[in-house]
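Q: Please work from the sequences and hints to get the whole structure.
Numbering (mature numbering (1 follows the signal peptide of the UniProt record, and there is no 0)), first residue to last: -18 to -1, 1 to 408.
Among the clues, some could well be false.
Unchecked claim - Result set (DSS-like, lysine-lysine): computed pairs, CA atoms no more than 30 Å apart in a straight line:
#, residue 1, residue 2
1, Lys383, Lys359
2, Lys352, Lys340
3, Lys53, Lys72
4, Lys202, Lys283
5, Lys359, Lys340
6, Lys302, Lys359
7, Lys389, Lys331
8, Lys359, Lys331
9, Lys383, Lys313
10, Lys385, Lys359
11, Lys65, Lys184
12, Lys184, Lys138
13, Lys72, Lys37
14, Lys359, Lys334
15, Lys385, Lys340
16, Lys144, Lys172
17, Lys313, Lys407
18, Lys8, Lys65
19, Lys172, Lys202
20, Lys359, Lys309
21, Lys309, Lys331
22, Lys313, Lys172
23, Lys257, Lys224
24, Lys374, Lys390
25, Lys79, Lys53
26, Lys407, Lys389
27, Lys340, Lys373
28, Lys266, Lys313
29, Lys383, Lys352
Stated by the list, open to error - Quick list of simulated restraints, FRET-style, between CB atoms:
#, residue 1, residue 2, range
30, Ser6, Asp357, 56 to 64 Å
31, Glu209, Lys164, 16 to 24 Å
32, Asn207, Lys316, 30 to 38 Å
33, Arg188, Pro336, 49 to 57 Å
34, Thr123, Ile356, 30 to 38 Å
35, Asp75, Asp171, 26 to 34 Å
36, Asp357, Glu142, 51 to 59 Å
37, Glu209, Phe261, 24 to 32 Å
38, Lys257, Thr403, 40 to 48 Å
39, Ser109, Lys202, 26 to 34 Å
40, Asp171, Asp406, 23 to 31 Å
The hints are simulated quantities; they were obtained by calculation from the structure and are not laboratory data.
Everything numeric in this text was worked out from a predicted model, so none of it was measured.
Ideal Cβ positions, reconstructed from N, Cα and C, are used throughout, including at glycine.
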Amino acid sequence: MRTFFSLTVLLLSFISNAQKVDCSLKTKEYQDFIIALDFEQALSSWETVQKNCPKQSEELYTDGQKILQFKIDNAQSPEEKEKLVRQAIKVYDQFNKNFPLASQDFEIKKAILLLNSNVGSEDEILSLLNNGFKNASDKITDANAIFSYFKLNVAKLKTEDKTFTIDGVLEKYFQTNTLLSKLEISNPDKKEEYQAALRRVKIEGRAVATCENLTAYLEKRLPENSENPSWLATSLNVLITKCSSQPIFMTLASKLYLNEVTAESAGFIALASLKNRNFEDAKKYYEQAAELETNPSEKAKIYYNTAVGLYSSDLINSKKQLEKALKADPKFVKAYIFLAQLYSNNAEKCGKTPFEKKAIHNLAIYTANKVLAIDPKMRTNIESLTTGFSKKALTMDEIAKAKLFGKKYTITGCDINETFTFPDKK
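A: The structure is reproduced here in structure tokens:
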């Protein structure tokens, strides 16, 4: 009896080992078919492994999705396509059952499959996305899935389904805005894709994310988030486009600035001050924002925007801001263009003599032409700009008469104090 029992155990062990070997062979077989792009044969061999060795490896499921995706893309009818999609969805479920840690985002992937295949109802897709965002939000990287999640929530709100509220949809609005902004930074190769999705979210949310609704939503949540810089900054970034003149913007900007003094927080409170026509505070905070900014390009933008927005009618102070912008980023061409326009616009006021008034327009030409050394592609724009300056500038005859070809000339009026060189005689 013992001998019979031992033989039985040995036989079962042999059968089990044989099965494992068979699955290994079948795995190699379907993988060879994939390499050969024979997906019909690959599917048959793959299904054998899926049925007999569902815990063989994680690769079994990624290979299966690859095979089924090819079949879905080449389906001959909508019925065949849906059948294959449903099969692929079951594969995601099986993957999660056998390898839960490796497939935490399986519901998101199921939703993406339905979206991309144009299969399934909006309710089914939204249910999957809701679960995916709840259970694996840190695994979501698909721009279309993120946008669709918000879009489907907005659609539900429009149906007057009482389980969907304005506050609930605004919560999704903030969630998708934040996620897409983070992904744009962490995945620079897909930056344009995430930016496009973010624009679509904002367009889709226009009817919901009004200043009135946002104010009500944020005021309710401010008490529990008044010391949360991340929440405050996210909220301000949502408000900044259309609601920066609202009282809630100044409230949040002040809270953020009290929590941490950074280039970002100073920039927010500067904008809030500007919108409230408190120009002196705006200048002070923009100056602080620029000083705290460590990115040369962003620093230059702050100085440039200050020159254009707060000092445009003040030649000297605007010029100082533009010079700071160019010191931060010598290739910031907008600064040269605006400075050239400033010179030209102030020529009559700053020129001490008729000759110098014209010479200031020559300085404007000289300044604008600096752009060409940085970006030759802007030649057409610069030539158009300098053509306008030339109409009021010194003529070739006047330059010749003054013997200034190739010579340096200094403008001192209005404390411009700039020296430039006239072109050589042609």
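Q: Now tell me if each hint is right for this structure.
A: Each hint, compared with the structure:
Restraint check for Lys383 and Lys359: the C-alpha separation of about 34 Å exceeds 30 Å, so the hint is violated. A hinted pair counts as satisfied when its Cα atoms are at most 30 Å apart, and Lys352 with Lys340 qualifies at roughly 19 Å. Distance hint between Lys53 and Lys72 is fulfilled; the C-alpha atoms sit about 15 Å from each other, no more than 30 Å. Distance restraint check for Lys202 and Lys283: the Cα-Cα separation of roughly 34 Å exceeds the 30 Å cut-off, and the hinted pair is therefore not satisfied.
Distance restraint check for Lys359 and Lys340: the Cα-Cα separation of roughly 28 Å lies within the 30 Å cut-off, and the hinted pair is therefore satisfied. The straight-line distance between the Cα atoms of Lys302 and Lys359 is roughly 27 Å, inside the 30 Å bound, and the hint therefore holds. As the CA atoms of Lys389 and Lys331 are separated by approximately 24 Å, the hinted pair is consistent with the 30 Å bound. Using a Cα cut-off of 30 Å, the hinted pair Lys359 and Lys331 is violated, with the two alpha carbons roughly 33 Å apart.
Among the hinted pairs, Lys383 with Lys313 is inconsistent with the structure: their alpha-carbon atoms are about 35 Å apart, more than 30 Å. For the given pair, Lys385 sits about 33 Å from Lys359 by alpha-carbon distance, which is inconsistent with the 30 Å threshold. With a C-alpha separation of about 35 Å, the suggested pairing of Lys65 with Lys184 is violated against the 30 Å cut-off. Between Lys184 and Lys138 the CA atoms are separated by roughly 17 Å; this keeps the pair inside 30 Å, and the hint holds.
Between Lys72 and Lys37, the direct Cα distance comes to roughly 15 Å. Compliance with the 30 Å bound is thereby established for this hinted pair. A hinted pair counts as satisfied when its Cα atoms are at most 30 Å apart, and Lys359 with Lys334 does not qualify at roughly 36 Å. Only pairs whose Cα atoms come within 30 Å are accepted, and Lys385 paired with Lys340 is accepted, the gap being roughly 15 Å. Between Lys144 and Lys172 the alpha-carbon distance is near 37 Å, which puts this suggested pair outside the 30 Å criterion.
This hinted pair checks out: Lys313 and Lys407 have alpha carbons roughly 29 Å apart, not beyond 30 Å. Between Lys8 and Lys65, the direct Cα distance comes to roughly 24 Å. Compliance with the 30 Å bound is thereby established for this hinted pair. Note on Lys172 and Lys202: the hinted pairing is violated, with a Cα-Cα distance of about 35 Å set against a maximum of 30 Å. Distance check on the hinted pair: Lys359 and Lys309 sit about 23 Å apart at the alpha-carbon level, within 30 Å; holds.
This hinted pair checks out: Lys309 and Lys331 have alpha carbons roughly 27 Å apart, not beyond 30 Å. Proposed proximity of Lys313 and Lys172 is supported: the alpha carbons are some 26 Å apart, at most 30 Å. Between Lys257 and Lys224 the CA atoms are separated by roughly 11 Å; this keeps the pair inside 30 Å, and the hint holds. Distance restraint check for Lys374 and Lys390: the Cα-Cα separation of roughly 19 Å lies within the 30 Å cut-off, and the hinted pair is therefore satisfied.
A distance of roughly 24 Å separates the Cα atoms of Lys79 and Lys53; the hinted pair therefore holds under the 30 Å criterion. Distance hint between Lys407 and Lys389 is fulfilled; the C-alpha atoms sit about 10 Å from each other, no more than 30 Å. For the hint pairing Lys340 with Lys373, the CA-to-CA distance comes to about 9 Å; that is within 30 Å, so the pair holds. Taking the CA atoms of Lys266 and Lys313, the gap is near 25 Å; set against the 30 Å cutoff, the hint holds.
Simply put, Lys383 and Lys352 have alpha-carbon atoms about 26 Å apart, close enough for the 30 Å limit, and the pair holds. Between Ser6 and Asp357 the beta carbons are some 60 Å apart, a value that agrees with the proposed interval 56 to 64 Å. For the pair Glu209 and Lys164, the beta carbons lie near 21 Å from each other, so the given range of 16 to 24 Å is met. Roughly 36 Å separates the CB atoms of Asn207 and Lys316, a value that falls within the hinted 30 to 38 Å.
The beta-carbon spacing between Arg188 and Pro336, approximately 55 Å, falls within the hinted interval of 49 to 57 Å. A C-beta distance of roughly 36 Å is found between Thr123 and Ile356, which places it inside the suggested range of 30 to 38 Å. Distance hint check: the CB atoms of Asp75 and Asp171 are about 31 Å apart, consistent with the given range 26 to 34 Å. Checking the proposed 51 to 59 Å range against Asp357 and Glu142 shows it holds: the Cβ atoms sit about 53 Å from each other.
For the pair Glu209 and Phe261, the beta carbons lie near 30 Å from each other, so the given range of 24 to 32 Å is met. A hinted range of 40 to 48 Å for the beta carbons of Lys257 and Thr403 is consistent with their spacing of about 43 Å. The hinted range of 26 to 34 Å is satisfied by Ser109 and Lys202, whose Cβ atoms lie roughly 27 Å apart. Between Asp171 and Asp406 the beta carbons are some 47 Å apart, a value that contradicts the proposed interval 23 to 31 Å.
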